[in-house]
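Sequence order for the protein chains is X and E.
What the first sequence shows, in my numbering, is residues 756 to 1493, in sequence order.
What the second sequence shows, in my numbering, is residues 3 to 173, in sequence order.
If you're looking for bench data, these hints aren't it; they were derived computationally from the structure.
In this text, all values refer to a predicted model and were calculated from it rather than measured experimentally.
Note that CB positions come from ideal geometry on N, CA and C, so glycine has one too.
Mixed in with the good hints there might be a few duds.
What the hints assert, rightly or not - Over the 12 Å line for every Cβ pair with chain X, so calculated as not near, a few chain E residues:
| id | residue |
| --- | --- |
| 1 | Tyr76 |
| 2 | Val78 |
| 3 | Thr87 |
| 4 | Lys164 |
What the hints assert, rightly or not - To list a few chain E residues with every Cβ distance to chain X over 12 Å, as calculated:
| id | residue |
| --- | --- |
| 5 | His21 |
| 6 | Pro71 |
| 7 | His114 |
| 8 | Glu137 |
As the list claims (entries may be wrong) - Label pairs and their computed distance ranges (CB to CB):
| id | chain 1 | residue 1 | chain 2 | residue 2 | range |
| --- | --- | --- | --- | --- | --- |
| 9 | X | Val888 | E | Tyr82 | 15 to 25 Å |
| 10 | X | Arg1006 | E | Gly107 | 35 to 45 Å |
| 11 | X | Lys886 | E | His53 | 20 to 30 Å |
| 12 | X | Arg1006 | E | Glu158 | 53 to 63 Å |
| 13 | E | Gln58 | X | Ser1434 | 30 to 40 Å |
| 14 | E | Pro59 | X | Ala844 | 36 to 46 Å |
| 15 | X | Arg837 | E | Glu158 | 36 to 46 Å |
| 16 | X | Lys886 | E | Gly107 | 45 to 55 Å |
| 17 | E | Glu24 | X | Arg1484 | 45 to 55 Å |
Okay, here's what each chain looks like letter by letter:
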Amino acid sequence: MSDDIVKIEVNGVPLEARKGEMLIEVTDRAGIYIPRFCYHHKLSVAANCRMCLVDIEKAPKPMPACATPVADGMKVYTRSRRAIDAQKATMEFLLINHPLDCPICDQGGECELQDLAVGYGRDVSRYTERKRVVKDLNIGPLISTDMTRCIHCTRCVRFGIEIQGIQQLGTIGRGERTVISTYVERAVEHELSGNIIDLCPVGALNNKPYRYSARPWEMSSKPLVAAHDAVGSNIYAHVLRGRVKRVVPKRNDSINETWISDRDRFSCYGLYADDRLEKPMVKIDQQWTEATWQEALELAARELVKTLDGEGEALGVLVSPNATLEEMFLLRRIADRLGSRNIDHRLRRRDFRDQNADPVFPWLGCSIEGLERRDAILVVGSNLRMEAPLIAHRVRNAALDGAAVTFVNPAAYTYHFEHEYVDAPVERMVHALGALVVAAARETQKQVPAVAAKLASEIAASDAHTSAVRRLIGKERALILLGHLAQRHPQFAEIRALAAALAALTGAEIGYIAEGANGAGAAISGVLPHRGPGGAAGGEPGLDVQGMINSPRRAYIVFGIEPREDIANGERAEQALKSADTVITFSSYVTDELLGCSTVLLPIAAFAETPGTFVNGEGRWQSFDAAANPVGDARPGWRVLRVLANLLGVEDAEYRSAEEVLDGVRRAVGETRPDNSYSGQIEAEGDAVQVSLDELDVPIYSVDAVVRRSEPLQRTVFARGAKGDDDARAEIRVQSAG
Amino acid sequence: MSDGNSARMEAGKAVLSEHVREEIDRWVAKFPEGRQRSAVIAALHAVQHEHGYLTQPLMDAVAEYLNLPPVQVYEVASFYSMFETKPVGRHKISVCTNISCMLRGADEIVEHVERKLGIKTGESTPDGRFYLKCEEECLAACVGAPMMMVDHVYYENLTPEKVDEILDSLD
Ligand code: SF4
Ligand code: FES
Ligand code: FES
């Protein structure tokens, strides 16, 4: 479509641009730098800072590049006398009121204003008037404010409106008295709020827990993959003397764009909690003592062999879905070697009846970016914003783009976009889905697929159900997303069968939001009782997680888990571990619970301290290096497992690096590709539902051991609300409005 | 609209008088659906008319009634000089200090008013009679500079004596 292409010239260089594009987009693409403060490629154009003024031939005055659409034949000069004069004048105005406190400002060294002032500022100010002073506000435990530094670019305000979908900061007052504020002091509460720290071009909004703890130029920046949800956001850990000081996003347009969730940004403050396990510990005669690595591992191997006494099935292996692929694979090999098929990562799942119908390689059903191009999304059983904040963000973008988004949920969670809601209380979830299937069959004049025929019989569909299925029917790219609440539901088999029937009737596809950072990795590397790596079948299935706690084993290997918090029916899990003879626990932390139920405690590196690989929700393998030093004598999990594997006589386990383990995983997994096709059936009726929504829904800042120890996250309104703090709950209600 | 939203609207209703709500409804009806944000100014006028000034609970109620994030109402209330967010004196005095008036001696007028009433701009007299607004921008009466507005009435070509006369005539 050559009509849509215009030719312009910037500083004498001919460039092509799409009609209607803003000049700054074209120059950015061509690598021609234009200074800016308010412009941001992910936000709307405000054109209020005037820093991007450039000289355009025939224009009577300098024009803002961020708000000037290209026109054919346009000739632009970004470094002409007129352009530079205009930019310098803007800078002079901006600095009139900006404090000269760079030496005590955290932004110093990475400040857009500071950088540009070096290029465009005058050495001596011509102004002698007093500078403006603005009172700071407390906007919660995550973001520090120094509002005197604010230059009113409104990026933070636009982020609220456009990305969060809820405005909390505003421009209060006018003229010289304008301030960016919440007006009434209240915490800015959103699962993506921390991104305004990166957006703020000056030191007005900064990372509160990181405050005054390092300077940007003394830290090294190490790429990593975030470790708390199925997005696998790309991040940098900023590391000083081997410790993570803060986490910032690493741009990856197909995964996290330029954003990260607060959970991924602030979880690192849980790394250095007081209860880090720093030395291997062994329990001898009911007494805990510290041990060397060699002693501890030899004891672990000896005890395992002795306790099992050749009966592999007496062993249970419980693995966190946040473990790396390498760790998972080695655990699988150790279990194989000891003759146990009782290995599982599905800690919060309750219903395993049709696990054979689980996809070998489960995924979202499309790429993360592809979510935005879906024209209909039906989310089943998911507190989406809390489960995977950036997936919720993509779904929101789809909705803003016109997709029909519907939630079938046990509670009407707040979403800041047009959507429909079908009420599906925990004990009636199957019923609600059955009603959707009935409505879909009626609307499409098709037969209810066999698998769902019995479940959907004798159910009447209401208007809400009919409306919800109409939103799916006839769409080209409809998606049914099964969230954590659905997957943790005691009748997951029925829910999935009905979802599959609904998909078959409406032509939608099915997607799963996996738990943890590496749920998909766990599935393909064979951390499952009924499948080996790459989905290999073979032999009698072992016990799933609930099986392992309902019929207690004599020995357990526990990897990266705090049983009470991380496992469904956690108290029972703790009891099962307590009554076992041998429990080898790999953990980054030591708690009374772990001391009470383990016999050997092995300190492993936490996230950011170990190399590894995660497979995210769209099936993408992402490897990363260790960014920081493990605390104390902790070692990366793969190394510890490698040694244990050697001691237990696992063959060909002389891996020298995480990459070598990964090669092993690759060979074992083979060509498995993400595929959610379903061919399950329901053989027996599920038990009556006896769980409450509170048991199913794990609060956003309680998902894993690191997050639970991040003090700043625990002080947020979300975390306090989840713990029953009434003030916090009321606050969430106020803020979720609008 | 989800249930949460209509619950909010109800909460807003409870605070606002029937008359105010009618007034807001009348304005909302003038704009296309979903553009109820356009009615904020009119809504705040109605509320201020009844209560004298805008408290946070009142602004929140407007936000609730219009189903907007509260901060969008605070933004409007704090931007326009005709809205008061704290209690102020009965008679509102705005002396224009913009360029034309300034060149014609507005600064002296401000000083005179301040001295006469014993307050600074932005303050009210202790007896609650007068409120001298913060610096006011051009009120579009430059031909009659210097000028001031008292209770929505324009007074032009001011001199200190004229100011005395005007202010003394008020109760
Ligand atoms: S606080 Fe920062 S991001 Fe927000 S308007 Fe001020 S300078 Fe811009
Ligand atoms: S970047 Fe163009 S006006 Fe701010
Ligand atoms: S400058 Fe005072 S009315 Fe215009």
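Taking the hints in turn, this is what the structure says about them:
{"no.": "1", "hint": "Tyr76", "result": "violated, 4 Å"}
{"no.": "2", "hint": "Val78", "result": "violated, 9 Å"}
{"no.": "3", "hint": "Thr87", "result": "violated, 9 Å"}
{"no.": "4", "hint": "Lys164", "result": "holds, 28 Å"}
{"no.": "5", "hint": "His21", "result": "holds, 24 Å"}
{"no.": "6", "hint": "Pro71", "result": "violated, 4 Å"}
{"no.": "7", "hint": "His114", "result": "holds, 24 Å"}
{"no.": "8", "hint": "Glu137", "result": "violated, 9 Å"}
{"no.": "9", "hint": "X:Val888 / E:Tyr82: 15 to 25 Å", "result": "holds, 24 Å"}
{"no.": "10", "hint": "X:Arg1006 / E:Gly107: 35 to 45 Å", "result": "violated, 57 Å"}
{"no.": "11", "hint": "X:Lys886 / E:His53: 20 to 30 Å", "result": "violated, 36 Å"}
{"no.": "12", "hint": "X:Arg1006 / E:Glu158: 53 to 63 Å", "result": "holds, 59 Å"}
{"no.": "13", "hint": "E:Gln58 / X:Ser1434: 30 to 40 Å", "result": "violated, 59 Å"}
{"no.": "14", "hint": "E:Pro59 / X:Ala844: 36 to 46 Å", "result": "holds, 44 Å"}
{"no.": "15", "hint": "X:Arg837 / E:Glu158: 36 to 46 Å", "result": "holds, 41 Å"}
{"no.": "16", "hint": "X:Lys886 / E:Gly107: 45 to 55 Å", "result": "violated, 29 Å"}
{"no.": "17", "hint": "E:Glu24 / X:Arg1484: 45 to 55 Å", "result": "violated, 33 Å"}
When each numbered hint is compared with the structure, violations occur for hints 1, 2, 3, 6, 8, 10, 11, 13, 16, 17.
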